[in-house]
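Colleague: Sequence:
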Amino acid sequence: MSRADVDAGAGRPPTTGLYVPGDRPDRFAKAVATGADLVILDLEDAVAPAAKSAARAAVVAWLAASAADAATGTSAAAATSPAVAAGGRADAPQREPDGAVGGVGAPRREPDAAAGRAGAPQRQTDVAAGAVDATAGVDRGGGDEDGVPDVARPRVLQVRVNGGDEGDLAALAAVAAQAGAAAFEVRLPKVESTAQLDRVAELLPGMAVTALIESALGVERAAEIAAHPVVTRLALGESDLAGELGTRSPDALRYARIRLLFAARAAGLPAPMLAAYPAIADLDGLRVDTEGGRELGWWGRVAIHPSQLPVIAAVFAPRDEELRWAREVIAAVGDGGVGTLANGEMVDAAMLPRARAILERAARTPGPPPAHDTADPSGRDA
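Heads up, our numbering is the position in the sequence shown plus 31, with the first residue counted as 1.
Derived by calculation from the structure, the hints in this document are not laboratory data. Wrong hints could be hidden among the right ones.
[Unchecked claim] Derived DMTMM-like pairs (lysine to aspartate or glutamate); straight-line CA-CA distance at most 20 angstroms: (1) LYS221 with GLU233; (2) LYS221 with GLU251; (3) LYS221 with ASP196; (4) LYS221 with GLU255; (5) LYS221 with GLU275.
Just so it is clear, the structure is predicted and the values come from calculations on it, not from any experiment.
Whole structure, please, built from the sequences with the hints as guidance.
Modeller: The following block contains the structure:
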């Protein structure tokens with residue numbers, strides 16, 4: 032099945048995403064309960080070296096429990112690795128995560144994206160239905176005993192692995208072999224070559240991959256990376272890139288964002304999601320930067336704290352002026368030809384794809400996530 036086939040019925044692209052450290056299994060269900068479209072279980076930057084093996088065990092156990100519960104219609108609200116529950120750190124430091132966005136849900140292209148290519152991994156819109164036997168010893172809990180009610184799983188569930196760590200990939204392969212390759216997606220950091228993607232395809236056949244580009248070389252090879260058949264999303268790691276470049280100049284980051292946007296759309300992928308905004312308390316700054324990304328053509332943003340989610344959702348909510356423009360364009364040139372809008376703007380059939388995309392996205396976009404308290408699924412309170 033091609034990416035175009037998958038995306039045809041996939042619905043709206045993710046707008047809000049949230050990171051949660053892999054060594055904080057007590058936060059997994061809380062992250063899901065925020066209502067974020069995308070939840071990323073992080074084995075990389077959010078986890079200290081000494082806690083990485085425990086984090087991997089916790090994430091694998093929770094994924095297995097979640098897939099098993101999907102088969103019975105229940106919820107893995109409190110799935111926890113006993114080893115991590117006993118020994119996991121409550122104060123795991125968290126570096127600024129990457130951006131972008133891809134799983135419980137299929138990758139979504141915006142309606143006017145270029146056609147996808149055949150040979151891409153087949154995706155589903157829900158967790159695989161097959162039962163999983165890898166949940167022995169896992170305390171899954173249930174109901175709202177941990178203070179988190181049973182909730183629907185996120186539309187997209189990802190695991191950010193450690194770059195070059197085949198142990199992470201092998202552990203996820205064991206879960207995917209039982210749950211199905213559509214049960215989650217892999218977020219692969221520091222991608223600079225298609226060889227890295229080939230290796231993921233070997234170990235996790237059929238798995239959808241978000242290629243996280245974090246270096247100048249990765250940016251220069253973005254089109255090649257986006258064209259790889261396992262890649263269903265691109266993402267930009269702005270902190271690592273800024274560190275390599277030696278600058279956080281808005282011009283430098285804007286250049287990288289533009290390169291990734293062109294690479295993604297040329298490959299038939301959705302517009303990337305913006306990187307996490309590190310200043311948790313600066314919601315005004317978050318809004319301004321997110322609006323800039325939206326105007327540039329990016330869609331959605333990942334967060335490191337639930338308080339950021341309503342701001343992100345509000346920025347990407349349908350705007351009255353856009354909806355009005357789209358309706359006028361379709362009314363004026365819906366059958367082709369040239370027309371003139373009420374404000375005197377001349378429009379033609381070339382504007383129709385954008386107008387239709389605006390209206391389709393608006394029809395699929397719900398209200399912003401509910402407000403939450405300051406408890407941070409990432410393990411850090413604001």
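Colleague: Evaluate each hint against the coordinates.
Modeller: Verification of the hints:
1. LYS221 with GLU233: holds, 18 angstroms
2. LYS221 with GLU251: The given pair, whose Cα atoms are some 13 angstroms apart, holds under the 20 angstroms limit.
3. LYS221 with ASP196: holds, 12 angstroms
4. LYS221 with GLU255: Given pair LYS221, GLU255 holds - Cα atoms ~15 angstroms apart, limit 20 angstroms.
5. LYS221 with GLU275: Holds. LYS221 to GLU275 sits at ~12 angstroms (cutoff 20 angstroms).
In the structure shown, no violation is registered for any of the earlier numbered hints.
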